[in-house]
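Q: Spelled out, the chains give:
4 protein chains.
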Amino acid sequence: MSGNSIGQLFRLTTAGESHGPALVGILDGVPPGIELSEDDFIFDMDRRKPGVNRFTTQRSEDDRVKILSGVFEGKTTGTSIALLVENTDQRSKDYSDIADKYRPGHADFTYDKKYGIRDYRGGGRSSARETAIRVAAGVIAKKVLKEKYGTEITGFVSQIGDIKANYDLNHLDKDFINSNDFYTCDKEVVEKFDELLRKIKKEHDSIGAKVTIVADNVPVGLGEPVFDRIDADIAHAMMGINAVKGVEIGAGFKSVEQRGSEHRDLITKQGFLSNNAGGILGGITTSQQILVNIALKPTSSIQIPGRTINKNYEEVEIVTKGRHDPCVGIRAVPIAEAMLALVLVDHLMRDHAQNRLLAKYHSH
Amino acid sequence: MSGNSIGQLFRLTTAGESHGPALVGILDGVPPGIELSEDDFIFDMDRRKPGVNRFTTQRSEDDRVKILSGVFEGKTTGTSIALLVENTDQRSKDYSDIADKYRPGHADFTYDKKYGIRDYRGGGRSSARETAIRVAAGVIAKKVLKEKYGTEITGFVSQIGDIKANYDLNHLDKDFINSNDFYTCDKEVVEKFDELLRKIKKEHDSIGAKVTIVADNVPVGLGEPVFDRIDADIAHAMMGINAVKGVEIGAGFKSVEQRGSEHRDLITKQGFLSNNAGGILGGITTSQQILVNIALKPTSSIQIPGRTINKNYEEVEIVTKGRHDPCVGIRAVPIAEAMLALVLVDHLMRDHAQNRLLAKYHSH
Amino acid sequence: MSGNSIGQLFRLTTAGESHGPALVGILDGVPPGIELSEDDFIFDMDRRKPGVNRFTTQRSEDDRVKILSGVFEGKTTGTSIALLVENTDQRSKDYSDIADKYRPGHADFTYDKKYGIRDYRGGGRSSARETAIRVAAGVIAKKVLKEKYGTEITGFVSQIGDIKANYDLNHLDKDFINSNDFYTCDKEVVEKFDELLRKIKKEHDSIGAKVTIVADNVPVGLGEPVFDRIDADIAHAMMGINAVKGVEIGAGFKSVEQRGSEHRDLITKQGFLSNNAGGILGGITTSQQILVNIALKPTSSIQIPGRTINKNYEEVEIVTKGRHDPCVGIRAVPIAEAMLALVLVDHLMRDHAQNRLLAKYHSH
Amino acid sequence: MSGNSIGQLFRLTTAGESHGPALVGILDGVPPGIELSEDDFIFDMDRRKPGVNRFTTQRSEDDRVKILSGVFEGKTTGTSIALLVENTDQRSKDYSDIADKYRPGHADFTYDKKYGIRDYRGGGRSSARETAIRVAAGVIAKKVLKEKYGTEITGFVSQIGDIKANYDLNHLDKDFINSNDFYTCDKEVVEKFDELLRKIKKEHDSIGAKVTIVADNVPVGLGEPVFDRIDADIAHAMMGINAVKGVEIGAGFKSVEQRGSEHRDLITKQGFLSNNAGGILGGITTSQQILVNIALKPTSSIQIPGRTINKNYEEVEIVTKGRHDPCVGIRAVPIAEAMLALVLVDHLMRDHAQNRLLAKYHSH
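Chains as they are written, first to last, in the numbering used here: chain A, 1 to 364; chain B, 1 to 364; chain C, 1 to 364; chain D, 1 to 364.
Calculated from the structure, these hints are not laboratory results. Warning: the hint list may mix true and false statements.
Said to hold, decoys possible - So these bits of chain A aren't anywhere near chain D, every CB distance computed over 10 Å:
#1 S37
#2 K174
#3 V190
#4 K192
As the list claims (entries may be wrong) - Distance windows between CB atoms, simulated:
#5 N170(A) with D39(B): 53 to 59 Å
#6 N170(A) with R198(B): 36 to 42 Å
#7 N178(A) with Y149(C): 51 to 57 Å
#8 K66(B) with V316(D): 35 to 41 Å
Just so it is clear, CB atoms sit at the ideal spot from N, CA and C, and this is done for glycine as well.
Work out the full structure: start from the sequences and follow the hints.
A: Quick look at the structure:
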């Protein structure tokens, strides 16, 4: 397969470029009977949408999700759901001068080498514009998780540059997270983030970020042995988000310096005494909170000139024009939530298929 | 699928438990005409094998790989290759006292909850014993890469606890790496690692590690847009190794604190000026060195008593008996190399299928 | 997966119901650099379109295919291609009286039992309307086959009821086939088909048909051993067309009465002396003409009252209103051609991935 | 994928050649808690085994199935099950003279063209020997079906040459079927089959056959819309059996001559009044008996000399030596049963994954 699908049973397939007529997604495997309307998508689409807060790009797409199939009289029918998001604000002209130049840090070079042809308008298929459909699909996944299992997914910005948010993972304030410009969880860092990003912007530069995503009330037993451990599939889903360069589960890279006596989460009648595992043992959920951290690189779309080459291997200078985020990590919050939700529902279905089939054989 | 396969086109499917009669793998999609003998597996199987150096467990399996199909008169035929590794040193008795207890940090609890039944002997399917077959399959993948593209994969231990190796990724000494007890690349840390592990062992504890894996001479253009970016598939493959809690590509979590002007790798006629991208842009290889770091947790199999529960949710104390690695990261080196090789060959084939089909349409 | 995708590498995923806003398809794996415009779809879409000849249903959709992605400046880019066909002539009213009744011979009963909810307007997802997208995707597949390999696919109606066309598979007149009302290959049967269908229509009944599909200039070596033999994948693709009840390759059911000495196709320097194999040996193409026959049942949408039950398991009588084909087999011709084309391209890519990878190892 | 796997969730992957050391299968997705022992395989392995009755080849392999994983203390654990069948009676010498000649009607020519290398001993991977593993996997599938749903699968020989068995599909005598030399259902034809096959054998020729397979007590709702209709997947599974040239569901090719008023199965409170559909509507099971017919060609391994070419494209004569079935259709009975069972369990799991997930949404 050519990489445009994710999930085995709850499966999203996408198409669409940054500056084509529309983005399209087909979501296959959605259970029947779930109430779904086009309004359900607004909240998350707005969180991902450029121009909503001050520090994200100002392309002002409406990003309205249209349902083209799979829903009848307000409920899912169990057949494939087609989602469409039109590109209404494309401004192709902004990009025409880079048709032959390879922007450093972008996929221009690699797409050209791979395919021998490239839609150079705004990155084409490699643009983060594509993630709009992921967020839409994630809305449906979150609905399934919440309605059936009470599972809740919460993402937030936990670090920008060297400024780190403080937080207690058991007491996250979702309302605060979704109402501040940085989708962060810590009131104390809002001003510092603001100052940093103003500075970065003034310097025409950009900065990296760390996003933390947790899932609470996760059913026990999700994940498949060996290759499709749920942490492996989470890593795949997260590393597949534009700009992500690292993924941690639970203690993550801190584990390198830990002792076994410190890392292993002891178990009591009341549950686990710690969560270095991040809610996953042997690749299977324990029912503890799932904890994921991802590193997002600073966008390469900056207005500081840089050296590169063009199609003819001639050295040229390049400056990215147009409006761009100084910190793409902020908009990644709903995307990362969506990806985690897609993985969880897929694994719910995979677990269900095998282990609930012969319920009489074992009491679960 | 139940997670026992990896790869779309170059596809490994495995079976087998720690204490069953044998481990089995079927490798599908191997190109025909490659010379292959059972001796080809010895070097890598030895690197993974417990008991080869002083700090890995002393189970002394022979770990001889048998080829049951797909090779005729010394060459691959293009049909599926079955690999078999017998379990000759199982000592089931060591494990019988943990049949009902859930070892903290292990998959005992989650397998029981998922399946309602569990092969408790040495972790059964969740044991790292299973990775023997991955290493065997990796040997074939590395052969394809080396013979056709000159691609070389090198893994080494870059950190144990808080002791960090120093290295120049462009001048790694493979002979040294494979001849020291820690598969590390830095002569200076060998003694420090040795001291640390003696200490850890004396304290009946364990310690985490970081493993670094690089691939040189990688063809440009490997990786699929959107979900199956090659970094996403590498993250999946690496996080699917037992004990791995984090994966980084290129600058990894350092990207969080980087500026765009620092992170983006500028391009000249002579090539890229830096490698924060880790050889991957937009999920597609640039032909630069691929750079991956993984975090391995300290094994939970330690001889320090710990609190846990049993099947009846009663609190009990547990001490892991038997012989175990104080640092499982060391043995992960050939496994991580194998996983990277499997991903690369799979993507070579995926790229080939689509982009070499109509060669006349574009000059590559 | 929920059955809405076909192909491993050249992969079509579809969505859309008979009376929803649109049909959508995402075609993944299309090689880059192929010229493609929306006009390319007209010829085949017209052949499938109801109302084009006298004996197919008179819904007059325009069936214009819109390309939403994957094509840039008139050429495919290698990224996923989204195709959209709007439903412009839905007339939902025709169907509202069957919301609770299960039409015999239709999928009403099974969809209700499977999903507990059903889009009853015109069959919803089970309607043959869905095949419009398959035909569109088939156009792209045929283009790849023709341009690269000279492979040509020809389908025709070879039997309606007990009236059989005569033909010489090596001398089919494509112009005649595509210009007569029945897409048949035999001038002699046109009048007989016409008479039969007038009679059937007058009696408010319907009749079955046989469609024959051949592929010429097929590359040797397509098909994978054991489960995904190309004949197995052709059978899957053909049996997945609405109303198909049987599939034959080569001599088909005639093989039951043949002797081995008669069936085996002897080989000379000039090639095979016969084609009982239908161009496939051991599931792999020989380069001879591929020969497929399919049986299409008479549509159950007839105006003769019939017994059935409703949702409450009460016995009721039902008469299908609306406009329907007396012989659905006729419209199946371009659909069957499309399915064969999709299978062939997928197998070209699969073969390419494995066997062309290491070209230096064997001269092909 | 290279065709060595079948099923999405209940997935069999196989390896092994006719004259290699062993056949291997990995069956993934088996539910946990099912009792399974190596003795369970004997009955079906014996039915497939050559030499059991007078008219099948006399290679006397023991065909004992070994379980290498996935079963613990007599029960399946939910992890992948590896099955091994050794090749104990290979007699490679019989085949050495055909190393360079392409036997007409066999896969010799196509394997050589596809891979450029070929295990010529007894057909290698293309040999029907491979089906031994399918039969073994089918035993597990049938067990799941029977124990959980009471589903029973029955196959029998319904025609050899032009001699047709008579039968009533609702009153098949399984004991008789499995105790006569031809696995046929009709006492009246046994002697005729016997005479015919003696004659064929004396003439050193072979003959085709038709096999009929039915499934009773099938749950309603199995099958996925559009491409993976259960009839499409059955067609794929059946056409993937060596020597099969045609597949029919329900009325099959008879549908071509039927009227809609005759074909559609009317429904009453007591159920369907006929079964032209073969238990499947819109690709989804109705709970009626599933009815499948397959055509098996006469084997090309006959002792009548035939014309062919060798590797150098020189014309040569060939005579198949060794022991071969005059009618391979007979041994296909347990294989066809196994394939149907594998498809049904896979679809049970697929249906379960999606439609039982949110049971509260609809009452099923």
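Q: Out of the numbered hints, which ones does the structure contradict?
A: Those not satisfied: there are none.
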